[in-house]
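There are 4 protein chains.
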Amino acid sequence: MSIADLKKAVCDANLDLVFHGLVKFTFGNASAIDREAGRVVIKPSGVPYEKMKPRDMVVVDLAGQVVEGDLKPSVDLPTHLALYEAFPSIGGIAHAHSHYATAWAQACRAIPCLGTTHADYFRGEVPVTTPLTHEDVNGDYEHAIGASIARAFTGRDPLECSAVLVANHAPFAWGATVADAVEHARVLEEAAALALHTLAISPGAPPVPGHLLDKHFLRKHGNAAYYGQRR
Amino acid sequence: MSIADLKKAVCDANLDLVFHGLVKFTFGNASAIDREAGRVVIKPSGVPYEKMKPRDMVVVDLAGQVVEGDLKPSVDLPTHLALYEAFPSIGGIAHAHSHYATAWAQACRAIPCLGTTHADYFRGEVPVTTPLTHEDVNGDYEHAIGASIARAFTGRDPLECSAVLVANHAPFAWGATVADAVEHARVLEEAAALALHTLAISPGAPPVPGHLLDKHFLRKHGNAAYYGQRR
Amino acid sequence: MSIADLKKAVCDANLDLVFHGLVKFTFGNASAIDREAGRVVIKPSGVPYEKMKPRDMVVVDLAGQVVEGDLKPSVDLPTHLALYEAFPSIGGIAHAHSHYATAWAQACRAIPCLGTTHADYFRGEVPVTTPLTHEDVNGDYEHAIGASIARAFTGRDPLECSAVLVANHAPFAWGATVADAVEHARVLEEAAALALHTLAISPGAPPVPGHLLDKHFLRKHGNAAYYGQRR
Amino acid sequence: MSIADLKKAVCDANLDLVFHGLVKFTFGNASAIDREAGRVVIKPSGVPYEKMKPRDMVVVDLAGQVVEGDLKPSVDLPTHLALYEAFPSIGGIAHAHSHYATAWAQACRAIPCLGTTHADYFRGEVPVTTPLTHEDVNGDYEHAIGASIARAFTGRDPLECSAVLVANHAPFAWGATVADAVEHARVLEEAAALALHTLAISPGAPPVPGHLLDKHFLRKHGNAAYYGQRR
Numbered sequence: 001m002s003i004a005d006l007k008k009a010v011c012d013a014n015l016d017l018v019f020h021g022l023v024k025f026t027f028g029n030a031s032a033i034d035r036e037a038g039r040v041v042i043k044p045s046g047v048p049y050e051k052m053k054p055r056d057m058v059v060v061d062l063a064g065q066v067v068e069g070d071l072k073p074s075v076d077l078p079t080h081l082a083l084y085e086a087f088p089s090i091g092g093i094a095h096a097h098s099h100y101a102t103a104w105a106q107a108c109r110a111i112p113c114l115g116t117t118h119a120d121y122f123r124g125e126v127p128v129t130t131p132l133t134h135e136d137v138n139g140d141y142e143h144a145i146g147a148s149i150a151r152a153f154t155g156r157d158p159l160e161c162s163a164v165l166v167a168n169h170a171p172f173a174w175g176a177t178v179a180d181a182v183e184h185a186r187v188l189e190e191a192a193a194l195a196l197h198t199l200a201i202s203p204g205a206p207p208v209p210g211h212l213l214d215k216h217f218l219r220k221h222g223n224a225a226y227y228g229q230r231r
Numbered sequence: 232m233s234i235a236d237l238k239k240a241v242c243d244a245n246l247d248l249v250f251h252g253l254v255k256f257t258f259g260n261a262s263a264i265d266r267e268a269g270r271v272v273i274k275p276s277g278v279p280y281e282k283m284k285p286r287d288m289v290v291v292d293l294a295g296q297v298v299e300g301d302l303k304p305s306v307d308l309p310t311h312l313a314l315y316e317a318f319p320s321i322g323g324i325a326h327a328h329s330h331y332a333t334a335w336a337q338a339c340r341a342i343p344c345l346g347t348t349h350a351d352y353f354r355g356e357v358p359v360t361t362p363l364t365h366e367d368v369n370g371d372y373e374h375a376i377g378a379s380i381a382r383a384f385t386g387r388d389p390l391e392c393s394a395v396l397v398a399n400h401a402p403f404a405w406g407a408t409v410a411d412a413v414e415h416a417r418v419l420e421e422a423a424a425l426a427l428h429t430l431a432i433s434p435g436a437p438p439v440p441g442h443l444l445d446k447h448f449l450r451k452h453g454n455a456a457y458y459g460q461r462r
Numbered sequence: 463m464s465i466a467d468l469k470k471a472v473c474d475a476n477l478d479l480v481f482h483g484l485v486k487f488t489f490g491n492a493s494a495i496d497r498e499a500g501r502v503v504i505k506p507s508g509v510p511y512e513k514m515k516p517r518d519m520v521v522v523d524l525a526g527q528v529v530e531g532d533l534k535p536s537v538d539l540p541t542h543l544a545l546y547e548a549f550p551s552i553g554g555i556a557h558a559h560s561h562y563a564t565a566w567a568q569a570c571r572a573i574p575c576l577g578t579t580h581a582d583y584f585r586g587e588v589p590v591t592t593p594l595t596h597e598d599v600n601g602d603y604e605h606a607i608g609a610s611i612a613r614a615f616t617g618r619d620p621l622e623c624s625a626v627l628v629a630n631h632a633p634f635a636w637g638a639t640v641a642d643a644v645e646h647a648r649v650l651e652e653a654a655a656l657a658l659h660t661l662a663i664s665p666g667a668p669p670v671p672g673h674l675l676d677k678h679f680l681r682k683h684g685n686a687a688y689y690g691q692r693r
Numbered sequence: 694m695s696i697a698d699l700k701k702a703v704c705d706a707n708l709d710l711v712f713h714g715l716v717k718f719t720f721g722n723a724s725a726i727d728r729e730a731g732r733v734v735i736k737p738s739g740v741p742y743e744k745m746k747p748r749d750m751v752v753v754d755l756a757g758q759v760v761e762g763d764l765k766p767s768v769d770l771p772t773h774l775a776l777y778e779a780f781p782s783i784g785g786i787a788h789a790h791s792h793y794a795t796a797w798a799q800a801c802r803a804i805p806c807l808g809t810t811h812a813d814y815f816r817g818e819v820p821v822t823t824p825l826t827h828e829d830v831n832g833d834y835e836h837a838i839g840a841s842i843a844r845a846f847t848g849r850d851p852l853e854c855s856a857v858l859v860a861n862h863a864p865f866a867w868g869a870t871v872a873d874a875v876e877h878a879r880v881l882e883e884a885a886a887l888a889l890h891t892l893a894i895s896p897g898a899p900p901v902p903g904h905l906l907d908k909h910f911l912r913k914h915g916n917a918a919y920y921g922q923r924r
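One line per chain: the protein sequences are H, E, B and A, in this order. Quick note on this note's numbering: the first sequence kicks off at 1 and runs consecutively. Quick note on this note's numbering: the second sequence kicks off at 232 and runs consecutively. Quick note on this note's numbering: the third sequence kicks off at 463 and runs consecutively. Quick note on this note's numbering: the fourth sequence kicks off at 694 and runs consecutively.
Chain H on its own, in the form it takes in the complex:
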């Protein structure tokens, strides 16, 4: 995909976050990476969505220096860069203060896998990061968020659980492409709302058993998948 196509895909993804109700105000951003070219395309900071065009997207190098675009990149750029470095298999990232996932993040609690809707997309609980220290917050804050996410995935494949909750803040989701990242952000929001309401009905509801989790995740992902129009 050319950088021009990537700018269109990133602009579309940002607008999709609004269209699907995940972003209110300017609380959100999406990006994509071209690993061969060493470029990341990201939303500009604090620009109204109504007027956003592909040409407004900001192109930066892997050190975060702007190489194309007149606007400043999202303040969350260092978080995105840290994730692209930590997770070599991902191609796009979406961040949104979507309502229910944000409530779980504010509660500093991982979202347990309580049903097959969750298991179809996330192989187990969606983790929450450890809160940042005073030094992290007052140092290179946005980079430290990315590092805290990477730590939460130690020993875990980021494409088997393509989302995280940043403690006290909100979720990030990712995927092979930025469109996948948006889809994962959407499913995460529904799984978060379902989990809240499930626990309201049955406060001690346990996670689904491992065999059901694996069945649903692998029915949709990997070599043995048989969901959809695969042949």
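Covered stretches of chain A, as calculated for chain H (at least 3 residues, CB under 8 Å): (1) 808-815; (2) 880-888; (3) 893-899; (4) 902-911; (5) 914-921.
Only pairs whose alpha carbons sit at most 25 Å apart, straight line, appear in this in silico PhoX-like list of lysine-lysine: (6) K744(A) x K470(B); (7) K24(H) x K8(H); (8) K717(A) x K701(A); (9) K282(E) x K8(H); (10) K486(B) x K255(E); (11) K486(B) x K451(E); (12) K24(H) x K717(A); (13) K72(H) x K908(A); (14) K913(A) x K72(H); (15) K682(B) x K744(A); (16) K51(H) x K913(A); (17) K470(B) x K513(B); (18) K220(H) x K284(E); (19) K53(H) x K8(H); (20) K765(A) x K677(B).
Under 8 Å between C-beta atoms, here's a sample of chain E residues computed to sit facing chain H: (21) K255; (22) F256; (23) L302; (24) K303; (25) H328; (26) Y331; (27) T333; (28) A334; (29) A336; (30) Q337; (31) V368; (32) N369; (33) N399; (34) H400.
For the record, the hints were derived by calculation from the structure and aren't laboratory data. Cβ atoms here follow ideal geometry from the backbone N, Cα and C, with glycine treated the same way.
We have chain H; now place chains E, B and A onto it with these hints.
The following block gives chains E, B and A in isolation, referenced to the frame of chain H:
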């Protein structure tokens, strides 16, 4: 109804599930049976709703073999077939991960009949299935779901309570026609949300008394019904 | 207002209940009375809202006999007639299974007055009826509902609290006109949702003090009202 | 800004409150002040939003006397005047019975800062006023509300926390302009809903640490802000 008409009715039913907000993404499917012809018409697997046409519907025989259509049927087809076999009086089935009914399913709790909205459609609690074993999940999984639903209705008329919650998963609803199945899925979702909020207000709220349950169900169903424009 | 005008007002009121999200499916109905002519105009039973026209409204006498119209009146007609008889000051009634008010009705709990939004319209708690007996339910059921509402207002002015919750069922609202009844049904729904969420935040939240209740109610109603464009 | 421009800005702000779902019925109002001219422009009382035009806005002097306009000003005018007097740095005020913020106000509980969405806009908890006495309510009630808000901000900069909950009633928000006031009312509503759901997930969730609160507030406000397209 001809197979062509049934394909249109099934396509309409699938789109209605989306229109009424019961289906997000591709989490849902509807089907209908022509018992004389020995044919079931069902949604294809993982196809976007925006582009769905009657001609995309898949026609299978009662063993699940495709007899018409270029697409693979929904992965939930064996569940539908098991229900058509177990419940000879039904003509259509709707499955959706509708939000509140799914929360009850994830909580593995039957929805109690707490009011007349529920009683107008479902004669008593909407049951939840027993969770499947490791063997069921790793064997013929989707058929085992259907069998678990049938077991939950032992001794109960499936047209007096035309919906069920599959434990850890989501609801299925059915009816004399596929349009009825969708209507029952919609009422179930409202009854599920009402039950959650009723118990939030009064945690120990008991089910409605039997005489009120019967009055409302029979006011709308059966020979003595007097609701609507019956003469 | 002529009967023709009343039929239009009643049709509009029924459609407004749908437009404002208070009625799902056919769970609701509105009526108005012409006390001089001895006529009540009410929605027909079980007719889809999309196709409803003023000419479909049913005109009955005070004994409930149809005097104009081809359709059967709402099954709730006897409830409406009982209310018009018990409350001589009211001119219109609206019934809807609106979500949050219905949850309170199902919980068999009166809605306490927890804030000024409620107090602006209802002078004190919105009461809940006593559940009907087996005999009431199997006798003249819909009339018995009306009688139970009248009993819940013993010693209370129905225009100072123009709504009620029928236990295990749903709310009824009323007013000087059928348009007022719809407005009261809408405010009731908001007050019901606010009360649920207020108690979720503070489980023991007490009702507002009497001086605040009176101030807000009387700021909008009665001779000393100064809200709006009164002169 | 001329008085004519201010009337347009105030009319737009009132309509924005409705557009964004913060105002139901006529429960809300917005105003702006021209401190040089000694004029306040405010919504008229109880006028339907559908028909509201800039020319309907009421212009009053700082004593509340109407100097321009045919309609009566909002009954909440004395509250607005008291706030403009107490908070010399503000230029606009928005009042709405927005759902979740009103639930917190009815619960008489301050909204704790549980996450960065809140911290981006409000530097710490959004306070709740002390309930008014019997004398206050029966005296100059609407002015007493304003005075109670001013007391809740003793020692606090009203531009660092540009909203308040009036006990048993609903929120007020403000800002440098009336458009800012509306934006703050919108963020307040989201923060209120997030806080309710966060506490539903984790009943004892503590406020965010002070360094995270300051980081987010100051990333967006003040001389060291680096969010958005500032250079």
